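J.: Below are the chains, spelled out letter by letter.
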Amino acid sequence: MRRNIPLAVTFVVGMLLIVSVFLPPIETIGEDFGVFFSIIAVFAFFLGGGNLIKVHFGKIMKKSNDWEFSLVTVVGFFAMLIIGLFKIGAPGDISTSVTAEGSYFQEMFVYLINPLQSTMYALLAFFVASASYRAFRAKNREATILLVAAFIILLGRTPLGMMLTGWIPESFSIFQVPNLAVWIMNSPNLAGQRAIMIGISLGVVAMSLRLILGIERTYLGGDDKG
Amino acid sequence: MLLLTFSDIGLIVTLVIIAAGLGLILKLALKGKEIDRRIIFIFIFFSVASPIIFQIKFSEKATAVVKSIYDKIDNLPEGSKILISFDFDPAMAPEVQPMAIVLGRHALIKGHEVVFMSLWTTGQSLLTEIINEYILPDFPEKQEFIDYVTLGFKAGNEGVLKVIATDFKKMFPVDNNGRPLDSIPIFDGVKSCSDFDLVISIGGGKPGPKEWILFVTDPSNIPMAVGVAAVIAPQMYPYYPAQVLGIMGGVKGAAEYESEFIGNYERFKDMKTPGLLTMGPQTLAHTVIMAFIIIGNIIYFRKRKKEAKS
Amino acid sequence: MSLILARKEKRSSMDIGMFFAALLTLGIFSFLYKDNPVYKVCEAIFVGVSAGFWAITYFFDNIHKKFWLGVFPQEGDSPDYWLWGGAILGFLMLLRISNKIGWIARWPLSFIVGATAGLYMMLYFVSNALNQVADTMMPIVAYASDNSVLWLDTFGNFIVVLGVVTGLIYFFFSKEHKGLFGTGAQVGTWFLMITFGASFGYTVMSRMSLLIGRLDFLFGDWLGLF
Amino acid sequence: MKNSLADRSSGGIICAALITIFFFSGPLHSQEDLVSLSVKKIAPPSSLLATDHKYDNGNSISLSWVPSIDDALMNNPIVAYKLYRSSNDTEPNLIAELPPGSSYFLDNGVSTDNSYSYSVSASTNAYEVLSNRTESITPQSEWINYNKKYLFLMVMIISGAIMYFIVSAKRGKELFVRKIAGLEAIDEAVGRATEMGRPIMYIPGIQDMDDVQTIASLTILGRITRTIAEYDSKIFMPVARSLVMTAARETIKASYQAASRPDSYSDDMVNYITDEQFGYVAHVNGLMVREKPATVFLLGAFFAESLILAETGNSIGAIQIAGTARPAQLPFFIAACDFTLIGEELFAASAYLSGEPMQLGSLKGQDVGKAIAMFFVLLGVLAATVSAAWDIELFNNLLDNLNELFS
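Chains as they are written, first to last, in this note's numbering: chain A, 1 to 226; chain B, 1001 to 1310; chain C, 2001 to 2226; chain D, 3001 to 3407.
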């Protein structure tokens, strides 16, 4: 029971979504699933959010290492819930959107979440540099190809590229670095991307079939005791 | 007389510091020492921050694809009619907005008659903002309807293009403010897009430059130039030079154009050039990254040599 | 005033929101040196506030807009009863808390897994496999409008086809990479390496713009240097 | 335009018409009417045909008509075609305005409950002329979309190949599967963590359970935790989605049971952090430098955070095994991680690790899929090249057929 019902559900639902592509009356069932999913996900949030509170309250109660920061997290979480649920600061009555201009919820987004988001994102500028320093070394043939391709593209995107190779006559202009960079992006890069994408789609088809047919069932537990 | 500006001093200081730092690191590298990633971080921070603070601009030499657009606008006789379409939204704006600004300025200073429009709903407010806040303040002498006109946004995507290719006023009976096109001097003698001497689309999504080429300028053989986001640029190259006379790709394309523009027009020597200003830090950072890749390889080969010996 | 772009946090430097935004920006950057209490505070705020942000957003978007207004619509519309299905599955999910009947939570899970498998199988098959194969079926020899052969484009086309085929050979699982087949796989890896190197180099610039944006905010909007 | 009036030989008639119309039109629209008067009368669009759109759920009707003969390329007086629909013989409503030159429209706003009739008009700036009304039509719902027969065929071939090898493997046919370096390294990576007495960190990407990569990641998690349970190492797994938390707990629990160590399992192994992409990353970064895991798995759907996580993991000296099916993020994993599962390998990983014949059989089936893809690529290239160069009919037809097959 505990195993077979879930396996049957997976099979039926999976097959339904596959054949729905060919059957007009149930064509939109995929979109309906999206709505279903978003509702289920909100319910699941009670588990996730509950876990968040549990973990941090636990730390605060036990006064374990770094409990002060847990306090900050919990206060932030509840503050956001209250501000949002009661739409504090939102102009007009309760029917206005929670993200309306001037609502505290929106202000929190603009002045707290937004700068945090964009700064975390901006860390990439540094990591891109340290990763290329470490990874782009001519250790073997593959690594050398990687290095050369990356270097040409990098060079092609600065004035240096034109400065170094601008002298090459127009009839051989493909060897000017900026043009070479465009060629690499359009030919070998495109080919590699396509091979990866075709491979991925076949991988997805095979894995989906394994899941639907119940051959792959790790997500339900490895054996029959569960 | 040699007069150094604030930016020049900044550039010299920055270059000296970076060069000295890299030299020092190279020396350590030759001894076979690995570099802490935080040193790389400092270099990246410095090479981005310093050009921003000192407003350093590198003069970009315009590549042929960009230069051809500049030359086209520069060489058209005064009073030529140019159509510029802003086909982008705020998300794409950082990359392509600089192009819109500099193209607008260039067309106006040459005394051309410029028509602005947009195929994107979200382009409408950007269009107004760019024209009123960036372009017009420098041209108090220019008159609406005689020197320029804003048609605003028109819904219908490619449909709009198919119509204006043969009949402009059918799609735009009135301008942005409801004034009939027939009463606007710029539109005297304009029947379709073919009556423009140059059409420029700035954007990167759909509808955008590609649709302009396919539906309007290619069938009627109208001179066409495009400005696109960097990721789209490779898709535009197949159209060059037969179907489009030039392409500006990403901030770099904008910077090349700005460089050409401020170099030739004394009046705009000190204008704000968002393209060049973003390119400054990017160029330095790219150069620093490439330097580190080279240093990394030097360290690697040193080590391998040592290991081979022992 | 900002040097390059107009952003959301557009206010005078005296503003308290602006001050916080700048402080959080610096706090996140401090992680680059090493982990420290300031970063920990930023992290704690980020986690708490953003979890609350999403909880509220999900609540209003999914439960209120999609579910509640769906089953209890405004006058004139007929209610979508099937949405209850999502709510019931969501409720079953919550049974996870119980030790005794927690296993029922697997039903909604298997529903999701089945649906995702079915949906993605078709989606990937069409958009990745079929479309990419179709795009590669092109003439190798490229002609100019006067019927002369464009050698460079022809070479580019040849490279694309070669790259796709050898790239796919690399992904073969059930055949040993030996002999001619091995050579094919080897060439395939080279194409993949070019792809990775080129894509890496190509993204460096956009990553730098993120940092430029942040520094522009710090120096321009906040400190008002220009 | 106004000058053209004078050129007419039948100027008198037009003048008469002009005066007549002038009288009938009120003074309110006088200006507009003056413009319209200079436009000659236009012919209506004709032969409007409303047919049920085939192979749909009865929610569309296709309309086609012959454009007005005045719809010409030069000096076209027509501004738009307007489509009117009347449902169940009620008052017609305007449903669409189309640019000149149009002759087709798909009306998606219908249902099988009503019957509809249509008319189309051609209009100039001031003048509109209607076509005949069509017969009443009720859209039909079909059960099967025959337009997708080739897609169905392709799906059947690929799925058939995969299932054939699953079945033949089940019957005991030996199958060879080449080594995948990233997966071979798992045992060693887990062992290393055990030796060093440090935990293992598992990150399943930042997408929810409705992304197939997350599911692939959880199937791999099931295999890896089995090994972890056997070695008795510690695993911790911060996640960005509540559903993934629940599913991952189920998976890990089951693996611990399978390894006969159910007591070692605890819910604390998996924790929900936040749905916010970079909030999650901020926390995971902090966790990495504080907990110093010896091994980090980054398997699933990753976006811009891929490199932030991988570089931080690298800075603490962890062995990193990564994998994603998002082509844009692969370069970063290749650069910063020790082993990377590239696209398809991510989906094959669980089957590979299981070592079960049926699972391995499906990998063989996948290879058949790749062989078919290669075959069609080469065939298509051949057909297209020959057809472009010499215009041989056989190859032209072949190319047409292939294009239809892949449309």
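Be careful, since some hints might not be right.
To be verified - One-sided and incomplete, this derived list gives chain C residues near chain D with beta-carbon spacing under 7 Å:
1) G2017
2) M2018
3) R2096
4) F2171
5) E2176
6) F2200
Don't read these hints as lab results, they were simulated from the structure.
Model, not experiment: these values are computed from the prediction.
Glycine included, every Cβ here is placed at the ideal spot set by N, Cα and C.
J.: For a quick check of understanding: which of the numbered hints are violated here, in increasing order?
T.: 1 and 2
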